[in-house]
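Hints given; two lone chains; assemble the complex.
The chain contents come next:
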Amino acid sequence: MNRVETSRKTHTGRKLTLYQKQNLVGWAFLIPATLLIIWMCFYPMLRALLLSFQSGTGARMSFAGLKNYAYLLKDGIFIQTLKNNFIYLIIQVPIMLVLALALAALLNNPHLRLRGLYRTAIFLPCATSLVSVSLIFRAMFAVGGFVNITLMKLGLIQTDINWINGSGETARALIIIALIWRWTGYNMVFYLSGLQSIDSTLYEAAYIDGANRFQQFRRITVPLLKPTILLTAILSTNGTLQLFDESYNLTRGGPSNLSMTMSHYIYRMSFETVPKFGYAAAMSYVIFILVAILALLQMKVGDKR
Amino acid sequence: MKKLVSLILVLLMAMSLVSVSAVAEDGSHKLTVWCWDPAFNIYAMKEAAKLYKEIDPAFELDVIETPWNDLQTKLTTAGMAGDYSTLPDIFLCQDNAFQKNVLAFPDMFNDLTASGVDFSQFGAAKTAYSVVDGKNYGVPFDNGAVIQCVRTDILEQAGYTVADLTDIDWDRYIAIGEDVLAKTGKPMLSSTAGEPDMIMMMLQSAGASLFDAQGKPAIAGNEALKKAMDVYTTMVKKGILVEVTGWDGYIGTLVNSTVAGTINGCWILASIQTAKDQSGKWAVTNMPKLPGVEGATNYSNNGGSSWAVSSNCKNTALAYDFMSKIWGGSVAFYEDILPSSGALATYLPAGKSTVYSQPQEFFGGDTVFTKITEYAGKIPSNYTGAYYYEARNAVAVAMTTILGGGDVDAALAEAQSTVEFAQGV
Chain F
1 MNRVETSRKT HTGRKLTLYQ KQNLVGWAFL IPATLLIIWM CFYPMLRALL LSFQSGTGAR
61 MSFAGLKNYA YLLKDGIFIQ TLKNNFIYLI IQVPIMLVLA LALAALLNNP HLRLRGLYRT
121 AIFLPCATSL VSVSLIFRAM FAVGGFVNIT LMKLGLIQTD INWINGSGET ARALIIIALI
181 WRWTGYNMVF YLSGLQSIDS TLYEAAYIDG ANRFQQFRRI TVPLLKPTIL LTAILSTNGT
241 LQLFDESYNL TRGGPSNLSM TMSHYIYRMS FETVPKFGYA AAMSYVIFIL VAILALLQMK
301 VGDKR
Chain V
1 MKKLVSLILV LLMAMSLVSV SAVAEDGSHK LTVWCWDPAF NIYAMKEAAK LYKEIDPAFE
61 LDVIETPWND LQTKLTTAGM AGDYSTLPDI FLCQDNAFQK NVLAFPDMFN DLTASGVDFS
121 QFGAAKTAYS VVDGKNYGVP FDNGAVIQCV RTDILEQAGY TVADLTDIDW DRYIAIGEDV
181 LAKTGKPMLS STAGEPDMIM MMLQSAGASL FDAQGKPAIA GNEALKKAMD VYTTMVKKGI
241 LVEVTGWDGY IGTLVNSTVA GTINGCWILA SIQTAKDQSG KWAVTNMPKL PGVEGATNYS
301 NNGGSSWAVS SNCKNTALAY DFMSKIWGGS VAFYEDILPS SGALATYLPA GKSTVYSQPQ
361 EFFGGDTVFT KITEYAGKIP SNYTGAYYYE ARNAVAVAMT TILGGGDVDA ALAEAQSTVE
421 FAQGV
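As they're listed, the protein sequences go chains F and V.
Start counting the first sequence at 1; every next residue gets the next number (the working numbering).
Start counting the second sequence at 1; every next residue gets the next number (the working numbering).
The following block holds chain V by itself, in its conformation from the complex (with noise of 0.2 Å):
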């Protein structure tokens, strides 16, 4: 009984020895990191980590590996709580909630305007992300900028070419796919059923959003909106495009040659190129505009992630410097993470590096990253609003209404009263 009374006394004083060691280490050089993705966001923070160091040889960065779902989750948590100490110095926030916790926790975020890094050096519509009132509150770094990924072996069975498909409106693409379906047997695209994705790209695509700059919900009588459930239902039922069963099934129709393309963020090339024997048969270019839509671009944006500093960083003036001299200032470090990670950045210079215009064998030898970062500083900016999720959830129950033959404007309608509901509760 004294042996386990001892232990337990000796294990105690043993904890709190390394809780004091910790206290001191926050005076140091050290960052605390939040993100997901081991070949990507971490793959790419080690790497900023390793830079940095030549500038600050103490520094010393702890990446925690924390999957989107449970790092929003804790944020939340901590939010409800208002203890932010459980926060990491730097963590990384889906763009399309950025706006949502920024309004429910403004004490969770540093603003960032003056913290040095200089925002005018990435593209307009990725930071615009991470505005709120005016104030930068993230620094932007994966690009979601769309791409249109055609299969030229599919496209040439029917007599077409990749530039047939460029530049073009969603009539002329529609033409095209009932062509290619009827010599082909091939739809052009597939998209997972019950996701309104192609649908929020439509709308990005023409400048168009879901909520007005006031932040009221503008779905009903949303003309662009309209024009895209149009576009999405009449290819739907002519089976230009076909609807599958979650993501899984979505890869699927890539890499078993079901569909002859795809339209998605860019961040789709790497689970494109999984499919080896496709090599060579791929080719990028951008999307369909909506036709008759005034400010309709063939540019548009779908995912990516900014990084913000927590209220809990002890040490801010590292953590700006940090990302001020790596994540703002550095195009060696994006040379440095495209070719094993495929990070393409939202950092403009970046774009016009060498390492950026090198041809890719996987895609008939084309510059497809020096393309996506022109495609990305084109991108028509759009407002997210902190509701983002609600009014997706009653877009995507909206588009499913209307492809069950549903009455569009009644449908979005619907759609526009279940925002404002959850607006009001």
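Looking at chain F on its own, in the form it has when it is part of the complex (with noise of 0.2 Å):
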């Protein structure tokens, strides 16, 4: 015993305690990672907010202050594509977030046969590639489409309605049905796992105090999946905030520009057009403040914890 503490005393000099230790070991692992961050991530942000106050085309850059946010607000096409977006973001995000949540209580039964093949069906469509989906949706939604050929079969329309170049309207229906498709199994499989947390003794108890199977749903599925309803929704309106694939591929942004993103209008003014970098990292700013304010928003309203 006293060897030992003298041995402890003599080292207590150089070598540093437990805790300490520990504590380096957990900064090693976290630096490479943070330092990856802020080299990939924060700095090119930095960039971006001092290339979004800079003017010119192409090269020829100069310092212009606030002239690009100044531009946006008279940019008519911006605000329509920030339109569109929002357009997306309120009718697209709660059908898709209900949709996936109705699929997972019914697809979390044990007792369902074949749910296996049922989930990841239904999970499939957001692993195939965007490109080919748009090719095959507006094959698809094309006049004289199987889509219009079926509406007209079942007696819905009289005459194919042309979803691509129609109408502003149609074209976002498009984007939005193509929305739903692609990402409701994508967020069924975080309820799903979010459903395995749930105790089935609680639905036992309901059950024996005479719950039927929607109070459940609304009194024990729904509070207990909060944090995971919570997470969906802020990355559901993150995709759609900075949605490109589906306006650039499926519309092209058509007709008139009724059906295009902001990414994809960023997109335009990069490489498109006379590249106009400045002004297209003033709009990558606004989506950015416009996902962190929205993001806030939720976790004030959503998280009580």
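Rather than coming from a laboratory, the hints here were simulated on the basis of the structure.
Mixed in with the good hints, there may be bad ones.
To be verified - Simulated pairs of lysine-lysine, BS3-like, Cα-Cα distance not exceeding 27 Å:
(1) Lys352/V <-> Lys378/V
(2) Lys67/F <-> Lys216/V
(3) Lys237/V <-> Lys183/V
(4) Lys74/F <-> Lys216/V
(5) Lys227/V <-> Lys216/V
(6) Lys216/V <-> Lys226/V
So this is what it looks like as structure tokens:
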């Protein structure tokens, strides 16, 4: 005993305590990821912010203060794309999340046969290539395409609907349909994993107390899934505001920019037309700020911990 | 662990050796090229290299397939970073994007005016796309001369021949179109909804542009543009022109005999000829001209691209020699690439070649290539301007508005202000 104590005393000058050691190990694990995030994420964000205060075409850039942001307010196309994004957000996200939750509740039933098959089938769309999905959707929703023929055979419409080029409403509806088809399964998986963590005895107790299935869903499932619902809501909001592929591939932003998203417009401004990177960076910051505000709102509303 | 470390070291050394050898090769007779389409541009470039090898046996050419969208993204990225070291020696550039890229990244291009290429031997309208401030920045390549392709069998049912559609104006074309539609039930032509190609072709056929010589938008009150919009809307309303969704839909109307013809850049011949069963039923002629517009002709241009020599080119003497001796000096080269790629040149001396005057079975034995080269020399130049894509997008919006019943003058005024706004950003 005595020997141990002396040996400890002799080393205290040079050796770290256990707490300090663990602390250092922790930092050592954190530093590579932190440095990578700073280098690949925060540094470009800072440069983009600086870029958004510059103006000019191509490589000839000069400092212009808030000119880009002032121009944004006067840019009819930008305001149109902003509106489009919010239409997608307000209509598509709630429909998709409710559907995903309902599907998850159904497919969580352990007595359901072929559960795995249904789950895979519903999840599969989000693992497909967006470009091929867009090509197939374009063909299916074309004039004289599969969807129009089916609707006509069912007697729901009299003449073909020109989904892609007919009007802003149909083009946006098409994008919303494509989004719901693609992302419902993805969100369902979050809910399914959330449901696994709910104790089945809660449902048994509720059943004994005389609660029907719907009451169980409302009073047990939804409150206990709240953190997951919050997560999916933030992810979907984020994804919808940054939407690019559907607008670019499916409707090409048409007709008359009525279905174009902000990200698509940023791409057009950077690479298709005369490069206006300063202006594009300013638009990116508008999206960034919007995402941040909406996420904050959702956390305030949804998270009562 | 030791093994792993030594392996990594060996790999690193191997990599540095590779990069050293690449540097050494820069001094040799090697050029790198970016372009797209293996059956067309890439094929032509490789054939050009074969021919140049006879002049310079040590010559080597490395063609890297780069689709236009990627190429433009790479140019923009390199330009914005101010680092041109990633660029190849020679790259292909869409004619419509040429002015824009030279304006945005003037240091990216080599001035080719004194490079030895004789630019007077190319179609004037074509060369104009790559001329900025009187300096030549591009060597013209493929031909975008507009042709009218018609189905002689469908016209015959309505009692017309190709001659009835040659050298006419749009008023006459619409009259014939109404008759053909009534008698055969087929529209005269199709176009992609939301794409203003047709309008742009009509505009250039009258020598008019969306910009004036100073680069200011000239959309509002542009008489040729108004007339073009009027002709287009009339045709859509009368059912003479059917609008379809997307490129595939457009090609579908041609190969499935939905329409009696089409008007487009001559590169459309390749797509038309995919319908083997329609051989002998097609004929080629010039497009109608805008009635009552000053300077109107039956000739226009749609699409096409030109070669640029990048400022990253270390061996400009070699690149210039290659471009001037083959692309701007060899009829044999253009004869060589025509049969298998259908790559029609804008190099005017090639049009007189016997290969160009071969009758084409598919087009009723007509010498279409001579015809097209002839058309190419008659196209009026127009001013693309750096803001071509902004203007094109704005005109597309105006077109949709006007088709929906909107006021022409108001729609064009809005397009004008959209472009003016983009120029102010």
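If you test the structure against every hint from before, which numbers come out violated?
Structure breaks no hint.
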